[in-house]
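Visitor: One letter stands for each residue in the lines below.
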Amino acid sequence: MKVEADQVFANNQAAAAVGATGAVIKMKGDKVGVFYGSKQALFDVDLDIYERQVTALIGPSGCGKSTFLRCLNRMNDTIDICRVTGKITLDSEDIYDPAIDVVELRARVGMVFQKPNPFPKSIYENVAYGPRIHGLVKSKADLDNLVEQSLRGAGLWEEAKDRLQEPGTGLSGGQQQRLCIARAIAVAPEVILMDEPCSALDPIATAKVEELIDELRENYTIVIVTHSMQQAARVSQRTAMFHLGELVEVDDTKTIFTNPSEKRTQDYITGRFG
Amino acid sequence: MTDVSADLATQAVRPNDRSLFVRDERTTRRHRAEMRFRMMGLAAVTFGIIALLGLMASILNNGVSSFSQTYVKLAINLDASKLDKSGKRDPAELQKVTTFAYQPLIKAALVKTMAEHGISVDGVNAKQAAELISKEAPAQLRRYVLAHPDKIGETITFELLAAGRIDGYYKGRVTMESAALDRNVSPEQLRLADQMREAGILEKRFNWSFFTAPDASDTRPEAAGLGVAILGSAYMMLVVLVLSLPIGVAASIYLEEFAPQNRFTDIIEVNISNLAAVPSIVFGILGLAIFINIAGLPQSAPLVGGLVLTLMTLPTIIIATRSALKAVPPSIRDAALGVGASKLQSIFHHVLPLAAPGILTGTIIGLAQALGETAPLLLIGMVAFVREYPGAPPEGFFDPASALPVQVYNWTTRGDPAFVERASGAIIVLLIFLAIMNITAIILRRRFERRW
Ligand SMILES: Nc1ncnc2c1ncn2[C@@H]1O[C@H](COP(=O)(O)OP(=O)(O)OP(=O)(O)O)[C@@H](O)[C@H]1O
Ligand SMILES: [Mg+2]
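Line order of the protein sequences matches chains G and E.
Position one of the first sequence corresponds to residue 1 (my numbering), numbered consecutively onward.
Position one of the second sequence corresponds to residue 1 (my numbering), numbered consecutively onward.
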């Protein structure tokens with residue numbers, strides 16, 4: 001018996017070690033607080049985002065998931081009254097340091113929004129815009145190539161290859177969202193933030209995007225906000241539960257869904273919240 | 001039991017003998033109210049349309065005739081002994097010969113032509129016959145000779161303006177009866193004109209010079225044209241466009257996209273809206289004080305007019321541009337920022353192109369307002385009588401000029417009824433320009449209707 005128990009313990013240790021070495025911390029939130037004017041929307045959130053993993057943010061509406069997500073690439077800067085306290089790092093560099101370049105940050109931490117928002121330009125231009133402003137390509141041929149790679153990466157190439165010059169707004173909702181993902185990965189970000197990327201999509205389009213997220217995990221670090229427990233369970237490796245601006249708990253997705261340590265989490269994922 | 005019956009009593013009671021075809025009193029009242037409101041609306045629209053049609057009809061009725069003009073065709077011998085006594089064709093010498101030397105040439109040519117066609121009317125002598133031709137004619141001849149000195153001595157066919165009263169006779173403004181009471185024209189002269197018309201010496205045709213000729217003095221309405229006014233208005237519009245579009249758009253972008261929301265920007269915002277409501281004459285006084293008295297710019301200059309109109313147009317353009325920028329969905333800005341575009345890039349690459357139709361529409365409407373503006377121009381001296389065309393830009397911006405609406409005002413203050421016709425004609429020209437601008441604005445708006 002004892003041997004067996006030891007064995008199990010050793011295995012666990014090994015697994016933990018693999019987890020520790022395999023999971024590098026890509027972004028780190030340290031006592032992050034957010035104020036909209038005088039109203040505090042986030043309280044002391046400590047959350048690590050691991051490299052090449054999908055981290056899901058869940059929690060009831062208004063709990064601050066989007067707010068936290070938008071802190072990670074400083075999209076909150078666009079809101080006049082928004083103020084961020086605490087510290088957030090990307091590869092151990094403080095992203096709120098006044099000396100850093102926000103544009104560079106956003107090139108490395110891309111974003112996909114809740115509502116598909118392609119530019120009212122051609123499909124090609126939508127994808128080519130980012131690489132062009134960052135000077136990522138030298139020639140037209142390189143750009144063509146990059147556009148194709150990005151569209152392939154977003155699983156849209158087959159549908160879009162014959163209509164690259166048509167407006168991106170003419171695509172279906174699901175295609176538009178994948179176009180936005182293609183646009184995001186075209187600038188070769190390290191982290192991709194997704195705020196309820198499937199909330200405007202039908203189940204089939206949702207399945208496609210979820211599949212895509214799973215593939216993207218190989219190369220990118222992904223943080224996704226979702227209201228669908230199934231989605232969080234399907235695509236994420238880690239899940240963070242928010243409530244009333246606080247981080248309730250964060251753990252492996254499996255643990256959160258099978259054996260959460262907080263009652264609030266339990267209540268939320270079983271739909272007993274109210 | 002009592003509880004239940006009390007509950008029932010408070011419930012709405014509907015009679016059960018109801019039919020959808022029978023209207024109760026409330027419904028009838030509601031229908032009548034609706035009918036009344038519709039009738040009032042219809043009446044208001046009808047009134048507006050009738051007023052507009054009446055206005056248009058009266059202007060067209062008065063003004064269309066200014067687009068045609070009566071001319072007298074004469075072969076005139078440019079007698080060298082009268083025009084160039086020295087015979088050297090020296091421009092300085094030719095300049096000294098005044099229109100008085102040209103007058104007899106016209107008279108002689110007229111007498112000769114009348115004799116050739118066998119035209120004569122009792123009681124009209126040669127001097128009176130010559131009065132059929134505009135006082136502007138000698139000047140027209142002189143201008144030609146100064147421009148072509150080599151033609152002196154030759155006989156050349158000219159189309160000379162007929163006098164205003166004769167022109168008015170063929171436009172219905174002057175009749176035999178009114179001529180009998182008129183010191184400027186007699187019925188016999190009109191009869192002579194009729195004969196000349198039959199002989200083909202005198203004819204009415206399209207009046208190009210109405211669009212090209214400069215203004216003329218009170219006694220020569222037939223020579224008055226809009227040339228200087230159109231040029232002056234065009235110069236002013238150029239100044240307004242070049243100044244107000246970039247300034248207005250830059251100010252709007254700053255206020256809309258960059259300025260922090262605080263008391264200071266609130267005050268600016270309120271003031272811009274107020275500025276749009278300031279009476280235009282106030283801008284005129286401001287222009288007079290600042291641009292002419294302090295900055296020392298010349299009076300009557302299109303540059304000053306343009307500057308004053310720019311001040312007036314700016315609020316319009318800023319308000320239009322800001323609402324066009326506001327109408328661009330924030331998701332587009334987010335999308336651009338999300339792929340790492342800077343704020344400026346997101347504005348210039350994505351927001352401005354989408355706002356452009358709105359901005360252009362606002363600009364065109366602002367320009368159209370400026371084009372029709374009169375009061376401020378009166379104050380900065382653009383009402384002066386200007387016969388010289390302003391030069392080519394950029395010097396031309398400093399030359400005295402007139403403007404279309406001011407020319408209308410100017411002509412309506414003159415005595416000769418022929419100027420009423422001219423003024424109405426000028427209004428038609430102004431309205432056509434305004435209509436073209438507004439239609440352009442509408443087409444732009446239609447063409448680029450929001451595409452997101
Ligand atoms: N621009 C803003 N100005 C003021 N308050 C805001 C703003 N954006 C969000 N908030 C507030 O911050 C809190 C958190 O909002 P947030 O959008 O992060 O919630 P969420 O968890 O994303 O909700 P949802 O699931 O509905 O998207 C809410 O109370 C909200 O009212
Ligand atoms: Mg949200």
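Be a bit skeptical, because a hint or two may be false.
To be verified - Computed list of lysine-lysine pairs in PhoX-like fashion (alpha-carbon distance at most 25 Å, straight line):
hint	chain 1	residue 1	chain 2	residue 2
1	G	Lys115	E	Lys112
2	E	Lys326	G	Lys87
3	G	Lys121	E	Lys326
4	E	Lys88	E	Lys112
5	G	Lys121	E	Lys343
6	E	Lys151	E	Lys171
7	G	Lys115	E	Lys151
8	E	Lys112	E	Lys151
Note that these hints are calculated values from the structure, not bench results.
Visitor: Does each hint fit the structure? Answer for all of them.
Guide: Each hint, compared with the structure:
Taking the CA atoms of lysine 115 of chain G and lysine 112 of chain E, the gap is near 88 Å; set against the 25 Å cutoff, the hint is violated. A hinted pair counts as satisfied when its Cα atoms are at most 25 Å apart, and lysine 326 of chain E with lysine 87 of chain G does not qualify at roughly 33 Å. For the given pair, lysine 121 of chain G sits about 20 Å from lysine 326 of chain E by alpha-carbon distance, which is consistent with the 25 Å threshold. With a C-alpha separation of about 28 Å, the suggested pairing of lysine 88 of chain E with lysine 112 of chain E is violated against the 25 Å cut-off.
Restraint check: the Cα-Cα separation between lysine 121 of chain G and lysine 343 of chain E comes to about 19 Å, which is no more than 25 Å; the hinted pair holds. The hinted pair formed by lysine 151 of chain E and lysine 171 of chain E fails the criterion: a straight-line CA distance of about 35 Å is larger than 25 Å. Under the criterion of a C-alpha separation no larger than 25 Å, the hint pairing lysine 115 of chain G with lysine 151 of chain E is inconsistent with the structure, at around 79 Å. For the hint linking lysine 112 of chain E to lysine 151 of chain E, the alpha-carbon distance of about 20 Å falls within 25 Å, and the restraint holds.
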